[in-house]
Amino acid sequence: MIRERSIEALCRVIAELGKVAQGSEWHLFGSVDRDEPEAADIDLLILCTSDDQADALRRGIDADALPYPLDLSLMTFDEEKETGAVRRQRARRIYPGTGIE
Amino acid sequence: MARGSVTDWVAEHIDPNTGVEIIDRTAEDFLMVRYKKGAVFPAAVIGAQDIVLPGHVAPVLAHATKPNFVVNVPSKAVWSGPAIAMVHGAPAGFGALGDLMRAARDGDAAHYRNKEFGFFERAITQHSNVRSITREYDAVFVAHRYSGNDLVIALVDAYNMSAEDVRRTRDRYGAFDIAVKMSSYGSVTSAATAAADSMGAEALMFREMLRRLAQ
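In order, the protein sequences belong to chains L and W.
The first sequence begins at 15 in our numbering and counts up one residue at a time.
The second sequence begins at 183 in our numbering and counts up one residue at a time.
Source of the hints: derived by calculation from the structure; they are not laboratory data.
Mixed in with the good hints there might be a few duds.
[Unchecked claim] Output of the computed footprint for chain W on chain L, the stretches with three or more beta carbons under 8 Å from beta carbons of chain W:
#, segment
1, 45–51
2, 63–69
[As the list claims (entries may be wrong)] Some chain W residues well away from chain L (every beta-carbon gap over 10 Å; in silico):
#, residue
3, Asp190
4, Asp197
5, Gly201
6, Ile228
7, Asp232
8, Ala244
9, Pro256
10, Gly263
11, Leu279
12, Met283
13, Arg287
14, His293
15, Gly300
16, Glu318
17, Gly330
18, Met387
Keep in mind the model is a prediction, meaning the values are calculated, not measured.
All C-beta atoms, glycine included, are put in the ideal place defined by N, C-alpha and C.
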C-alpha cells in the first residue's frame, strides 16, 4: 500500500516535470519498495543523461510534496555503470514503465 | 508557508499506518505524538526556509512546556550549529519529518540523535591530530587540527557518492575541504572525485578522511 501510494505520487511528479524527466530512469529501493508498513522514507535513485539533467531534477523535485519523506540519489548513467548501484541496492525501475510516458 | 500551516502540514503528513500518530495539539501549537500506544511527546514545528538559526527555535523553546522534538519544514533547509546546540540543550531532538518519525519509533525523542552524524562527530573529535571541532551545520564540521590548517568536512548521506551529491553539498552548505561518504558500503564515483577536485576539495571514504586529517 505504501509502495503503491508512493509510486502514484512519484508519477504525478514525473508528469509535472515533463521534458526535464525525459530520458531519465527512476528506481525505487529500500523499505518503501519492499512495501514495509513502517517505512520511513522513499528511497529513490534517478539515473540521468547528464549533470545538467541531474541538477534540474534536484531543483524540480519538491520532496515535501510527497506523502512520505524522500531520500533522493541522483547520478548519471555512466556513474551507475561504474558503481552497479541499481543491482547493489536491489532497486526496481518505476519509470519508464509506469504508463505515464 | 505561514507558521500555523507548517504544523498543519506535519499533522497531515503523518500516516497513522506507519504506527506514528498525532493524538492532540497543545495551546502552544505543539503536536502530541505517539508511536504504537507508547509514550506521548510534544513536537514543535517551525518554518525556516533556508537555514535554521537560533532565532527560529528560541520562541518554541521559550514556553513553560518544552517540546521533545523540533521539526523544520521545508525539509531542504539546513540546520545551523548554534540552533542545533540550542535544541539539544533543551533537551530535544531536531530534524525534518523523517527524523520525527524515527525519533518517535526510537522511544526517546528528546535525546534522538542522527546516529551517523554522532559517529562521525566522535571519530573526528577523537582523531589524534584534531584539537577540537565546531559544528557549522547539521552535516558540516570544522576540524581544528594540531598540525595543519582547519578542515571543513561535509557529511554526504549516500550509498554511492555521485557528482550531483558533491555539487548539491556545495550548494547547500558552501565551500568545504572534504566531502565524506557516510555509508561504509558503496563507493565514490570517479565523476564525484572530479567534481570535488574542480572545487579544490576532495570526495573521500571514511578511512581516507581519517588519513587526510593526519596529513
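Now for the hints, and whether the structure bears them out:
{"no.": "1", "hint": "45–51", "verdict": "violated (count 1)"}
{"no.": "2", "hint": "63–69", "verdict": "holds (count 3)"}
{"no.": "3", "hint": "Asp190", "verdict": "holds (13 Å)"}
{"no.": "4", "hint": "Asp197", "verdict": "violated (7 Å)"}
{"no.": "5", "hint": "Gly201", "verdict": "violated (5 Å)"}
{"no.": "6", "hint": "Ile228", "verdict": "holds (14 Å)"}
{"no.": "7", "hint": "Asp232", "verdict": "holds (14 Å)"}
{"no.": "8", "hint": "Ala244", "verdict": "holds (26 Å)"}
{"no.": "9", "hint": "Pro256", "verdict": "violated (5 Å)"}
{"no.": "10", "hint": "Gly263", "verdict": "holds (23 Å)"}
{"no.": "11", "hint": "Leu279", "verdict": "violated (5 Å)"}
{"no.": "12", "hint": "Met283", "verdict": "violated (5 Å)"}
{"no.": "13", "hint": "Arg287", "verdict": "violated (7 Å)"}
{"no.": "14", "hint": "His293", "verdict": "holds (18 Å)"}
{"no.": "15", "hint": "Gly300", "verdict": "holds (18 Å)"}
{"no.": "16", "hint": "Glu318", "verdict": "holds (22 Å)"}
{"no.": "17", "hint": "Gly330", "verdict": "holds (31 Å)"}
{"no.": "18", "hint": "Met387", "verdict": "holds (13 Å)"}
Violation of the numbered hints given earlier is confined to hints 1, 4, 5, 9, 11, 12, 13; the remaining hints are satisfied by the structure.
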